[in-house]
Amino acid sequence: MLNVNRVDSKKDIKYIKWDEIFILYEFKTYLARSEFIELSLLNKLLREKLKHKVFYKLNIDDDFLLQFPNYFYQNEFDIENELNDELETVKKFQSSRIEPFITDLIRVFDTFGLHLKQIEFDRLYRPGYFIIPVVGNFTQLSSLSIYNCELELKIFIKFMTKLCKLEYLSIKNLQFLALYEEWPLDSEALLPQTLQVLELGNMRLRKTDLHKDPYRFLIDNSGFMNDYYYIPPQHLRNLKHLIITEDIAYYSGYIPKFLDLNQHLTRITFPCYYLSSSIVKSLSTINRVNEIQIVFKYDSYQLRNFDIMPLDSVHVLSIESIPSGHYPKVYILINLFPKLTRFHASFDYFEGKFIEILAAKLGHLNSIELEIQYFSSEEFDLSIFSNIETLKLDIYSRKGIGYKLPAHSSKLKLIKIASNNCIESFNIMLESYKNSSIWNIKLLGKFIICIPI
Numbered sequence: 193m194l195n196v197n198r199v200d201s202k203k204d205i206k207y208i209k210w211d212e213i214f215i216l217y218e219f220k221t222y223l224a225r226s227e228f229i230e231l232s233l234l235n236k237l238l239r240e241k242l243k244h245k246v247f248y249k250l251n252i253d254d255d256f257l258l259q260f261p262n263y264f265y266q267n268e269f270d271i272e273n274e275l276n277d278e279l280e281t282v283k284k285f286q287s288s289r290i291e292p293f294i295t296d297l298i299r300v301f302d303t304f305g306l307h308l309k310q311i312e313f314d315r316l317y318r319p320g321y322f323i324i325p326v327v328g329n330f331t332q333l334s335s336l337s338i339y340n341c342e343l344e345l346k347i348f349i350k351f352m353t354k355l356c357k358l359e360y361l362s363i364k365n366l367q368f369l370a371l372y373e374e375w376p377l378d379s380e381a382l383l384p385q386t387l388q389v390l391e392l393g394n395m396r397l398r399k400t401d402l403h404k405d406p407y408r409f410l411i412d413n414s415g416f417m418n419d420y421y422y423i424p425p426q427h428l429r430n431l432k433h434l435i436i437t438e439d440i441a442y443y444s445g446y447i448p449k450f451l452d453l454n455q456h457l458t459r460i461t462f463p464c465y466y467l468s469s470s471i472v473k474s475l476s477t478i479n480r481v482n483e484i485q486i487v488f489k490y491d492s493y494q495l496r497n498f499d500i501m502p503l504d505s506v507h508v509l510s511i512e513s514i515p516s517g518h519y520p521k522v523y524i525l526i527n528l529f530p531k532l533t534r535f536h537a538s539f540d541y542f543e544g545k546f547i548e549i550l551a552a553k554l555g556h557l558n559s560i561e562l563e564i565q566y567f568s569s570e571e572f573d574l575s576i577f578s579n580i581e582t583l584k585l586d587i588y589s590r591k592g593i594g595y596k597l598p599a600h601s602s603k604l605k606l607i608k609i610a611s612n613n614c615i616e617s618f619n620i621m622l623e624s625y626k627n628s629s630i631w632n633i634k635l636l637g638k639f640i641i642c643i644p645i
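Those letters in the sequence shown? Residues 193 to 645, per the numbering used here, in order.
No wet-lab data here; the hints were simulated from the structure.
There may be inaccurate statements among the hints.
Mimicking DSSO-like on lysine-lysine, the simulated pairs with C-alpha atoms at most 27 Å apart in a straight line are [said to hold, decoys possible]:
no., residue 1, residue 2
1, Lys596, Lys608
2, Lys364, Lys346
3, Lys553, Lys603
4, Lys603, Lys626
5, Lys626, Lys531
6, Lys553, Lys596
7, Lys449, Lys354
8, Lys399, Lys284
9, Lys521, Lys553
Work out the full structure, taking the sequences as your base and the hints as a guide.
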């Protein structure tokens, strides 16, 4: 029991030891002075915020797991040398090595309590088969990401039914496993209805019996990947953003089926090779899609022919990683969105003609954001963007760039420039526009800000 006489409630607050102040919450019931009680409550609030910050998210990868001295997969060669094919030890590998570790891992997770809301599994590969199912114990999760792992499909289906508060799910580069005798499974992968964001990447399915023997499963890299696997299109009543990543194998009817079942979507992201007349048709029936993001990434990705059907609900368009060979297709693509107000694009190399044509086609917009990975010119004439209100640039260059601002009045209300040579570019602009009666130029952190006077 705490001795109330240790802290004199009549003592002036400036003479109280701060280490005592910071545990006041524990004995606030013994105190009479309101200042102490207020401080103790503030201390409680700060501690709760710290717990929330520290325990909110857990990233589980190989580096994390290797911190556990009893991790069962420290090194596959160590496993082989240690066990030396002793049949009895191999037979008990799961009960003697895997299960104790999983028990310890769950105990660590439990220390996070209800503060734990996000878990990410990355690069676990085969050990993921034994580790990932622990998420079924944490039904409070709001976010789950699984990348580069192997996992039994039946177990995945099972723990998905338990995560009744899940709002974000991202699964990419997964190898689902199924026992020969259990295929086809009795149930499909049904996702939680609470999902708001769903990101789907490359998934494969392998029928095997290897994982009946955990020891052999971990050290035997043989196996045959039978097919691509796709989470079945389904109605998710709270889904707002569907993301199909650029590594997923093409399946012509996949996105249209998802769209047809989720007419309430407001945002969609997909690789360029999925764009087709069937997707355009499905999008045209949804009047809530406000934002579309299309990813190119590689020159080898072919943009298919598609019908021009106005998508009036789309106000934000983002096109990522545009190769120069696809510039003509981008001009056509923009025609799908007559009511755009904001446009974002990223590409590797600056080509003035492409930017000029793009700016002319998008002159009716409120905002344009451009990311340029390599800019070789010494000057960038920004007057081609005079008809928009906000211009944001993120540019990498080997030296400072002289940005040429519109000389006459324009619609531009803000220009924000980020660059690896930000200070050098700022000094060039400051020298060029030191007597300008049109532009006020400032350097705020890593950004050059240009505002009309």
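Consistency of the hints with the structure:
no.	hint	verdict
1	Lys596 - Lys608	holds, 13 Å
2	Lys364 - Lys346	holds, 17 Å
3	Lys553 - Lys603	holds, 16 Å
4	Lys603 - Lys626	holds, 22 Å
5	Lys626 - Lys531	violated, 38 Å
6	Lys553 - Lys596	holds, 21 Å
7	Lys449 - Lys354	holds, 25 Å
8	Lys399 - Lys284	holds, 24 Å
9	Lys521 - Lys553	holds, 13 Å
Taken one by one, the earlier hints fail for this structure only at number 5.
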